[in-house]
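*Asks:* Model the full assembly from the supplied sequences, consistent with the hints where possible.
The primary structure of each chain is shown beneath.
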Amino acid sequence: MQVSRRGFFKVCAAGMSGSSLVAMGFAPNAALAEVRQFKLAHTTETRNTCPYCSVSCGVLIYSLGDKSKNARSTIIHIEGDPDNPVNRGTLCPKGAGLLDMVHSPNRLKHPEVREPGAKEWKRISWDEAFDRIAKHMKADRDANFIEKNADGVTVNRWNTTGFLASSAASNETGYLTHKILRGLGVVTLDTQARI
Amino acid sequence: MALQSLDIQRRSATTTPAPQARETTEIAKLIDVSACIGCKACQAACMEWNDVRDEVGNCTGVYDNPVDLTENSWTVMRFAEVEENGKLEWLIRKDGCMHCEDPGCLKACPSPGAIIQYSNGIVDFHQENCIGCGYCVTGCPFNVPRISKKDNKAYKCTLCSDRVAVGQAPACAKVCPTGAIQFGSKADMKDYADKRITDLKSRGYQQAGLYDPQGVGGTHVMYVLHHADRPQLYNNLPADPSISPTVALWKGVAKPLAMAALGLTALGSLFHYVMKGPNEVSKELEDEMERQAEAETEGERENAR
Chain A
1 MQVSRRGFFK VCAAGMSGSS LVAMGFAPNA ALAEVRQFKL AHTTETRNTC
51 PYCSVSCGVL IYSLGDKSKN ARSTIIHIEG DPDNPVNRGT LCPKGAGLLD
101 MVHSPNRLKH PEVREPGAKE WKRISWDEAF DRIAKHMKAD RDANFIEKNA
151 DGVTVNRWNT TGFLASSAAS NETGYLTHKI LRGLGVVTLD TQARI
Chain B
1001 MALQSLDIQR RSATTTPAPQ ARETTEIAKL IDVSACIGCK ACQAACMEWN
1051 DVRDEVGNCT GVYDNPVDLT ENSWTVMRFA EVEENGKLEW LIRKDGCMHC
1101 EDPGCLKACP SPGAIIQYSN GIVDFHQENC IGCGYCVTGC PFNVPRISKK
1151 DNKAYKCTLC SDRVAVGQAP ACAKVCPTGA IQFGSKADMK DYADKRITDL
1201 KSRGYQQAGL YDPQGVGGTH VMYVLHHADR PQLYNNLPAD PSISPTVALW
1251 KGVAKPLAMA ALGLTALGSL FHYVMKGPNE VSKELEDEME RQAEAETEGE
1301 RENAR
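As they're listed, the protein sequences go chains A and B.
In this text, residue positions in the first sequence follow our numbering: the first is 1, and each later residue adds one.
In this text, residue positions in the second sequence follow our numbering: the first is 1001, and each later residue adds one.
Any given hint could be a false lead.
[Stated by the list, open to error] According to the in silico footprint, chain B covers these stretches of chain A (three or more CB under 8 Å from chain B):
#1 33-39
#2 67-79
#3 84-96
Bear in mind the hints are in silico, worked out from the structure with no lab data behind them.
The beta carbon of each residue, even a glycine, is placed where N, CA and C say it ideally should be.
*Replies:* And the structure:
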C-alpha cells in the first residue's frame, strides 16, 4: 500500500484528535456501573454453632446449591446468626475466619489412632474407633471402679477416666452426656459448652 | 442489569452527569473508637466476605498486623499508645476507606468508570475499568487505595456495596462483637454518635466528638473520638483532610482550560482551512522548478564529458 506524505499526516492528525477527544471525556459513555453480585442469593443457609470456645456463638453457614440430588454442596461463606441470643450476629476474629478452618488442609476429618509404641497416626473407621473407646473404658472401669469408700458408704465412683464434651453441644446433648457419664460413675466431667 | 446501576452520583473521568432524579437513603458506618478492643474480627470478616486473603505476616513487635493497608487487607487496626492526663491510653483506630462525599480518588482517576460514587454515598472501585495508574492513591487524602501486584489494579474497602445493595450491613459492621462498628442511615449514625459523645463527656472526655471532616464534604465512615480536638493522636488521622491542591489544579482548573485550548485549536484550524485553504504549489512554480532541475542535470552531463 502506498501512502503519500500528505495522506500519512492526515491519518495521524485524525487519530490524534480522536484520541484526545476521548481522553478529554467527550466519549459518549453510558453511565453504567454495577455492584458485585450478592454471592449468597440462592445458597443454602444452615444454622450451626461455632466450634471454638464456650461462648458458642450461632453461625449461619452458606453453601452452594439447593441440596438437590446432583448439586454438591460446598461451604462458601459463614457469618453470625442474628437470631441467636448469644451473639446476635456478631463473631470474634476466629469465628469470622471459620470458612478457612472448614477448608483447612490441616483439619482432622477422620478418627485416627496412634498405637502404643507407634510413631505414626493411623486412620480408622468410626466403628473401630467406638469399639476401641468402649473396650478401653470397660477395662479401665472394671479395674478401677470404687463401689464403697473406706467407711463402707456406697459411692460408685470411677475416678480414673475423665470426659470432655464439645463446645457446640446443645442443652439436650449436655443433659444426655451428663446422664450417661454419671450413670457410669464418672466424676471428672466437663464441657466448655455454655448453651 | 441491576437497578443499582441507575443510582450513580459520580463517575470517574466522565463529564456527562449521571441520573440524579431518584434519592436513595444516604448510609454511613460509624466507628466508635472508644468501644473498639482491637480484636480484628472486622479484618477477618472483611477478607472472608470479599474473597481476598492476605499473607500471614510477621510480628513487628506491635499489635498492628498487617502494619499497613494492602490490596488484600482493606481495613487494619492501628494501635497508638499515648499518655493523656497522666494516664496511658491505648487508642485503637480501624483504618480504611472513609467514603468521602467529595472523593479525591474519583477526582484524580483518569479512567472512565473505574471509580463510582453511588447515591447512597459508597465510593466503589470497578477493577475492570482500572488502568492501574495509581492516581487514586495520590488523590486520596487518607492514603487508602492500594495497587495489587497480582493484576496491577487498585483495591480498597467497598463498604460491602454488594451487601448494602441487597439491604445488608457491611461484613465488618455485622461481625463487630463490641458494637464499635455501627451501620445505618447517616442521620441515624449521627444520632447514635451524639449519644456516645454525651456518654464519653460524662466520663471525663470533655473533647469527645464526631469525626466527619468537612474538608472532603463529610464522610460515610465516621469516627467517635475521645479526643476529637486532636485526631492526629489516632495514628495521624488528618485533622482537616482535603483533596491535594495538585489534583484540584489538574482536574479542577487545568482540565477545562486544556479542553478549551483543544477546542480553540480545532476551531482555529477550521478557520485557517476555510480562509487560506490547503498549502498548494502553483503550476507555474512547479514548471519552473522542473526546468531548473533539467538544466542542472544537463550541466552535470556536460561537465562529465
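*Asks:* Hints the structure violates: just list their numbers, smallest first.
*Replies:* none
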